[in-house]
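Position chain B relative to chain A; hints supplied.
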Amino acid sequence: MNKGFSDSKMAPPPAAPQPSQGGTPCVLGPTLHFKGELYGEEDLEFQGQIEGSIEHTRSLSIGKEGGVKGNIRAKFVIIEGKVEGDVYATESVSIRANAKVTGNIFAPRVGIADGAHFTGRIDMNHKGVASKADLTVGKSLSDPQAERLLASGS
Amino acid sequence: MSNASSERMSVFGPTLRFKGELKAQEDIKIEGRIEGTIDHQQRVVVGNKGEVVARVNAATIDVDGRVQGDMVAKKSIKVSQSAIVRGNIRAPSVSITEGANFNGGVTMESNAGSAGPSTPGASSR
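Just so you know, the protein sequences line up as chains A and B, in that order. Counting along the first sequence from 1, when you hit position 14 you're at 1442 in the working numbering, and nothing is skipped either side. Counting along the second sequence from 1, when you hit position 118 you're at 445 in the working numbering, and nothing is skipped either side.
Here chain B stands alone, though its shape is the one from the complex:
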């Protein structure tokens, strides 16, 4: 039950705005606006209404909304059709859906930062 990521996912709601540093170790969906840096150990979803003006670091990043800034993921980055991305992305696996608006560089490398073998599902609390 604890591993149902969609159930226990934190939601950063659409009216929320945050400016500064965000650090987290649990899956989060961003529907609001974040300016600054995001340092994450798990999965980050930038929702349809989400707007991120920040450097994003995470294990997995899914973008449905707008992101302005560089993204680095240890595992993968998915840019979906509704996404608008301006910035460079770097991850071992990158997918960009046709229809997405993407302007920036893509680097597919596994040594994204400190690419230690991240143990999946270690701490989901």
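So here's chain A without its partners, still in its complex pose:
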């Protein structure tokens, strides 16, 4: 209801923790609708809608117009939009002021900004985050590179 005064102007930009190595920053725009599994290894700003899971090994930001229905796994997760599902991060989860999150969060570091909507549980001692992610990543995608990344990240 009280959505904060200046919706967007005050919120700092979702500056990615490190510049993406690939060159072009990856932005998926607001009219994109995904249904299925998304997997990535580069910093990603997601403004679209996705129904399904996201497996990521780097920084993932769900933009203001972004919406996710499904589980998210990544290293850093920054949420400014809507998320319905569990969020697993090997480093941190940051929920920004206008975000709406319904689901559980598993990460060693979690931040929820004043004004954010959050319903769910937070687990910061979930040591199995990485290994759990390992297992599922291994099962569904069998990507040794991702496993190595996740393992070294923990």
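Note that these hints are calculated values from the structure, not bench results. Treat the hints with caution; some may be incorrect.
[Said to hold, decoys possible] Estimated spans, in silico, between C-beta atoms of each pair:
no. : chain 1 : residue 1 : chain 2 : residue 2 : range
1   : B       : Gly432    : A       : Arg1537   : 52 to 60 Å
2   : A       : Asn1532   : B       : Asn430    : 46 to 54 Å
3   : A       : Ile1550   : B       : Ile411    : 43 to 51 Å
4   : B       : Lys376    : A       : His1461   : 22 to 30 Å
5   : A       : Arg1537   : B       : Gln395    : 39 to 47 Å
6   : A       : Met1552   : B       : Lys376    : 33 to 41 Å
7   : B       : Glu425    : A       : Gly1548   : 56 to 64 Å
8   : A       : Gly1539   : B       : Thr424    : 49 to 57 Å
9   : B       : Val380    : A       : Ile1550   : 33 to 41 Å
10  : B       : Asp397    : A       : Lys1497   : 26 to 34 Å
11  : A       : His1554   : B       : Lys376    : 30 to 38 Å
12  : B       : Asn428    : A       : Gly1539   : 48 to 56 Å
13  : B       : Thr434    : A       : Glu1479   : 43 to 51 Å
Note that the coordinates shown come from a computational prediction; the quantities given were computed from them, not determined experimentally. Quick reminder that beta carbons are idealized off the backbone N, C-alpha and C, glycines included.
Structure of chain B alone, referenced to chain A:
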């Protein structure tokens, strides 16, 4: 400024992989891998590193990378020199650059699916 298609273009980066249905109404460049279907209202560019194993529907399709699957465009399809395409393509205007690897059928018809007069530049948001 909003119509500078190359600036506001979404980029589906090279390490991204997606399996499922993708729907969009804005220009997108695919450098990653997509399996499934792509249903698009605008322009799709399959970049050099892009790999698409899918049925692709769009207004305009430019292929620089690999595509396996049928493509239908309302306006045009361009297959460039670096492209590797396996599948049928259908569009009112088709161009294939010499050097491209193309295996499949070509149909140049305007009634590609529901060929309503698509209003160009209507919604680029």
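Outcome of the hint check:
no.: 1; hint: B:Gly432 / A:Arg1537: 52 to 60 Å; result: holds, 55 Å
no.: 2; hint: A:Asn1532 / B:Asn430: 46 to 54 Å; result: holds, 48 Å
no.: 3; hint: A:Ile1550 / B:Ile411: 43 to 51 Å; result: holds, 47 Å
no.: 4; hint: B:Lys376 / A:His1461: 22 to 30 Å; result: holds, 23 Å
no.: 5; hint: A:Arg1537 / B:Gln395: 39 to 47 Å; result: holds, 42 Å
no.: 6; hint: A:Met1552 / B:Lys376: 33 to 41 Å; result: holds, 38 Å
no.: 7; hint: B:Glu425 / A:Gly1548: 56 to 64 Å; result: holds, 57 Å
no.: 8; hint: A:Gly1539 / B:Thr424: 49 to 57 Å; result: holds, 50 Å
no.: 9; hint: B:Val380 / A:Ile1550: 33 to 41 Å; result: holds, 39 Å
no.: 10; hint: B:Asp397 / A:Lys1497: 26 to 34 Å; result: holds, 29 Å
no.: 11; hint: A:His1554 / B:Lys376: 30 to 38 Å; result: holds, 35 Å
no.: 12; hint: B:Asn428 / A:Gly1539: 48 to 56 Å; result: holds, 50 Å
no.: 13; hint: B:Thr434 / A:Glu1479: 43 to 51 Å; result: violated, 33 Å
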